[in-house]
Amino acid sequence: MNVIRTLLSPRGAVFLLLAGLLIAVTVISPSFAEPGQLIRFIQRVAPIAIVAIGQYFVIVGGEFDLSMGSLITAQVVIAGNLIGQDAGRIFPVLALMLVLGVLVGLVNGLLVTLLKVPSFIVTLGMMLALLGGVMYWTGGAATGNPVDSFRQLGRGGIRGVPVIEILPYSVLVMAAVLAAAIWLTRTSFGRTVIALGDNPRAVRYAGARSWWVTTSTFVISALTATISGILLVGYAGVHPKVGQGYEFIAITAVVLGGVVLGGGRGWVVAAMAGAFALEALFTLLNFAEVPSTLRDGIQGVIIIAAVAYSASPLGGAKRKAAPPAPPQTSPPDGKEPVAPAHLGS
Amino acid sequence: MSTATGRGRRQLDTTAIVFIALAAVMAIGAILVGTVGRNFLSPGNIRDILTSMSVLGFVAIGQTLVILGASLDLSVPYVVSLSSLIAADTMAGSNARILPAVLAALGACALIGLANGLIVTKLKVHGFMATLGMGLVVKGYLDTQYKGTSGNVPWNFQLIGATGIGPVPISTLLMLGFAALVALYLARTRTGNHLFAVGDNVEVSRLSGIRTARPVIAAHMLCSVFAGLAGLLLASRLGVGSPTVGTQGGYDLLSIAAVVLGGTLLMGGRGSVWGTIGGVAIFAVLDNVMSVMQLNPFLKEVVRGVVIVLAVAIYTGRSIARRRARFGPDAPPPAPGPRDSARGPASASAPSPGHDAREARR
Amino acid sequence: MRRKAVMTLAVGAVAALALVGCTTDPTVTGPGASTTPATTGAAAESSTAPSTPSTEWFDQAVYDEQFAQRSVTPEGPADKPYLQHINAEMVSTAKYKSTGAKKACFANASISNPWRQTGWITMNEQLKELQKSGAISEMETRDAKDSDDTQIADIDYFINEGECDVFIISPNSTAAMTPAVERACKTDKPVIVFDRGVQTDCPVTFIHPIGGFAWGIDTAEFLNDNLQSGDKVVALRILPGVDVLEQRWAAAEKLFKESGVEAVDYFTGADPVEIKKIISDELAKGEVKGIWMDAGDGAVAAIEAFEDAGKALPVMTGEDELSFLRKWKDTGITALGPVYSNFQWRTPLLAAADIFAGKDVPKEWVLPQSPITSADLDSYLTANDGMPDGHYAKFGGEDLPGYPQIWQKRVIP
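Chains as they are written, first to last, in this note's numbering: chain W, 1 to 345; chain V, 1001 to 1362; chain Y, 2001 to 2413.
Quick caveat, the hints were computed from the structure, so don't treat them as lab data.
Possibly wrong hints are sitting among the right ones.
Claimed, not checked - Simulated restraints on C-beta separations:
1) W:Val-163 to Y:Pro-2413: 55 to 65 Å
2) Y:Asp-2225 to W:Ala-19: 20 to 30 Å
3) V:Ala-1023 to W:Ala-179: 50 to 60 Å
4) Y:Pro-2413 to W:Gly-160: 49 to 59 Å
5) W:Val-147 to V:Ala-1023: 29 to 39 Å
6) Y:Lys-2363 to V:Val-1036: 27 to 37 Å
7) W:Gly-207 to V:Leu-1103: 36 to 46 Å
8) W:Val-102 to V:Gly-1107: 44 to 54 Å
9) V:Ala-1016 to W:Phe-248: 31 to 41 Å
What the hints assert, rightly or not - Capping the alpha-carbon separation at 30 Å, the derived lysine-lysine pairs in DSSO-like fashion look like this:
10) Y:Lys-2359 to Y:Lys-2132
11) Y:Lys-2232 to V:Lys-1300
12) Y:Lys-2232 to Y:Lys-2257
13) Y:Lys-2329 to Y:Lys-2363
14) Y:Lys-2232 to Y:Lys-2097
15) V:Lys-1300 to Y:Lys-2080
16) V:Lys-1300 to Y:Lys-2097
17) Y:Lys-2232 to Y:Lys-2103
18) Y:Lys-2128 to Y:Lys-2329
Backbone N, C-alpha and C fix where the C-beta goes; we use that ideal spot for every residue, glycine too.
Build out the structure end to end from the sequences listed, making use of the hints.
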């Protein structure tokens, strides 16, 4: 009973959707279910899943980060131009990229919290400025791919693993990011983020340094974009188009995962599952040989339907009850938020 | 009515700041343009600025309505393209078909807006996702049905985009006229007033007996119709319809930025159409000056990004100072989840219709 | 409420699907909604549909013309391909003859891709040379950022404020830019159009390489020659609705159909991540023997997808973009580097100088466009050693003063 209810609830809906999509892909192409293929699929989703995890923290705290895509592009181009074919420069440049990521997150966060500029606008401005800046610096085209050893992180893996043959490094990176994210949601920081998205005033009255918490979510988001950029340099190589549109993909994934835009509700694992569902959908469209011009339309319909489902009474959801929940009712220990179904139905 | 007058006064202030900012941008722009030996106030330059205001202006007027209702519309670029195509195809070069073409284009847009509004209010999908999805749906239709530019706009209709009174293009006057109509709609009609109320706090509005869905649906329909008007203007300027003309202009994010630049709160409930026009004008002047200066196109993006953030920061910085007013006689009725006036768009208790649990249960 | 919500959901979903899947405009008929091939190519359909508003991309007459032009030996200086022309009809420019340095006004569509950026760098170096020789005093440029509306405003601005002696226009799109170009012509100053065309012959000269169909013919013939009927080709296309790209595919698709090579097309947005995913999925489904691209940047990701999947590398057509040429050399694949001659960016300013000198110029200045084959791969790689990956081998600026540093550093004004 409980399992069924969970799956039908908005929190479970994304897993149901993901399962359905994966089954559909497997029906069309049975080899997809082979462990070797499956692990390749996970490797491919990893960069998106990682940015979805970062975006989760921003959204659940009640904000948006539209600058992720441009930051990925910037990091990809930096890796290509500064590392070049010199393996000795990997670590200094890597450090520089992380510093840049933190810096972008700090600027975003401080503009939002101290100057009170809406995050949509701050990160939109950052998106334009970062991309424009990188294009200006490189004259539009990067010098070339960085040295192969650096690209191994996104492209290669541990060979000779039984059953799956190869264990891509990106899968390990994603697992580490996920573990860190789950751990974070269980700390008092994670609880404050959700409380902040739920009711910022109450958090402030409770004495939390909300400006710092919000800023930290932007730093987390920028760091995940940086990690994702590092993986994408390996997976696909350097090109100014890499990363483009990732902000919308990440937001869509997070919302598919049942996280409420506006904050205060959501489970980071479901957000990541949203990324998997989205990528499974693209894969299904590839396998089903859907005409190229129709894909966007189908994607749009499925996004609306899936979000509507998780928001509808059909899905068992009773969204935020009229009086906003005080911070204490936020999920204990960062587990899934208290199922709204219990309140309503 | 005390809240209405209170809002009126605040609006005046906000809008005044926007226009002061515009004046400052124009002054700096005039000096910069002067340094390269050009005249900022020459007829050709004024015309260039006003022309680039027209299309974005139409889209931003509609976007203002949706944002006032605490929603968003990311589908506008595709609606703009669709409208230009329907109009140009239906006209097919014949003067007699101008009226049916305009009606067909705007009718199709209104339907898309209705769908957006219903998805947002009835299916409880956040405007961001609903219109992102709808945009993809319309894009799929455009990609499938149209191959490049199409149709033929008769000369009489092209005149709308091509003629002007002195340096002032007719299209700009039309846009300003529509802005005035929308300002009246917001100030004088019941639906208009309700839009502010619902955008400010959907729960309180519901408790005060407002049918909360109606103003939001109306706002979405109007937004799409205004995107349709922008598409008609583009068809008039291009002479053909184009499946990419909407995305070319980046009207989704740019219109939202212009609305916020104009002092409208992204979370809804407060703002004005005239402020939006001011925001659009700031962008137009900025683009004009950067083009005259022949700034590197990539650096233009950097400047745009910085200006968007800084300009909004000037406004929000001021509104923080004035926040106390919310607890004065002008303050809205105490909300269950009082909101910080200047936080992000999706701030915690941002009243999205999706939060109204009781309505859903009814 | 619950039932109502379910109903709305269902109705909404059905309506949305109907919007995508069905043809609501009765004048746009055809099974385009359900099958890919019908939405492109299929010339027969366009002739049967009455007053079809959308143009089909395939045009037999233009196809035949470009097919023939590929084998014409161009006239003009052998070492200056950017001054050569094919089947030119020369026109007199005596009425524009005048002395002194002239001001050029350039309405550019954009510099939003590596091909346009490379050309833009070359054009500016050419400008410096003409400034030195005293033919051109300055060039004022407005960049439309890929927007028709902006470019129309740009041209109008030049007409009103630019004090231009010559208009150089690289149109963002063909039909939409026609009225604005006609307005520029009415000023009685010479107008030069290059790259994409317009639907008026009022410009003094229209400069372009042979064209998209020639690209499609070169590439599809190469793949057909190297593959068997029934082999699968994955076609990677950037985006729909752009004429120069659509014509490449229209010609290639026609030839693939005729030869029995099975081709599936995808839109990639030129994003190598998308390209790699698409190829990986295609390889998971079955064997892929060939890759066709409508523009070469991102080609490396396609090859790497084969490498990572441990599959035999495909027969491939990319572009003269250096990342592709280098990967081609490294892997030794069977490949062709089709060219949309980047050196055409030099020609407009040289044409302007010719016009003011009163020299005859071709009315339609068709520049040569010959692909890079495995025979001349090495020489192009050597010639462009040190250039960034986004550089185009046939950029044609080797004799300009800033060579090679300006291109190596990609200095964009």
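Tested hints:
1. Between W:Val-163 and Y:Pro-2413 the C-beta distance comes to about 56 Å, which sits within the given range of 55 to 65 Å.
2. Roughly 46 Å separates the CB atoms of Y:Asp-2225 and W:Ala-19, a value that falls outside the hinted 20 to 30 Å.
3. Checking the proposed 50 to 60 Å range against V:Ala-1023 and W:Ala-179 shows it holds: the Cβ atoms sit about 54 Å from each other.
4. As the Cβ distance of Y:Pro-2413 to W:Gly-160 is approximately 53 Å, the hint placing it in 49 to 59 Å holds.
5. A beta carbon spacing of about 53 Å between W:Val-147 and V:Ala-1023 contradicts the range 29 to 39 Å that was offered as a hint.
6. Between Y:Lys-2363 and V:Val-1036 the beta carbons are some 35 Å apart, a value that agrees with the proposed interval 27 to 37 Å.
7. The given range of 36 to 46 Å is broken by W:Gly-207 and V:Leu-1103, whose C-beta atoms sit roughly 60 Å from each other.
8. Between W:Val-102 and V:Gly-1107 the C-beta distance comes to about 51 Å, which sits within the given range of 44 to 54 Å.
9. Checking the proposed 31 to 41 Å range against V:Ala-1016 and W:Phe-248 shows it holds: the Cβ atoms sit about 35 Å from each other.
10. Of the supplied pair hints, the one linking Y:Lys-2359 and Y:Lys-2132 holds, its CA atoms being roughly 20 Å apart against a limit of 30 Å.
11. Taking the CA atoms of Y:Lys-2232 and V:Lys-1300, the gap is near 44 Å; set against the 30 Å cutoff, the hint is violated.
12. The straight-line distance between the Cα atoms of Y:Lys-2232 and Y:Lys-2257 is roughly 12 Å, inside the 30 Å bound, and the hint therefore holds.
13. For the hint pairing Y:Lys-2329 with Y:Lys-2363, the CA-to-CA distance comes to about 39 Å; that exceeds 30 Å, so the pair is violated.
14. Our distance criterion of 30 Å between C-alpha atoms is broken by Y:Lys-2232 and Y:Lys-2097, whose separation comes to about 56 Å.
15. Restraint check for V:Lys-1300 and Y:Lys-2080: the C-alpha separation of about 35 Å exceeds 30 Å, so the hint is violated.
16. As the CA atoms of V:Lys-1300 and Y:Lys-2097 are separated by approximately 37 Å, the hinted pair breaks the 30 Å bound.
17. With a CA separation close to 52 Å, the supplied pair Y:Lys-2232 and Y:Lys-2103 exceeds the 30 Å bound.
18. In summary, the hint linking Y:Lys-2128 to Y:Lys-2329 is not supported, as the alpha carbons are separated by about 35 Å, beyond the 30 Å threshold.
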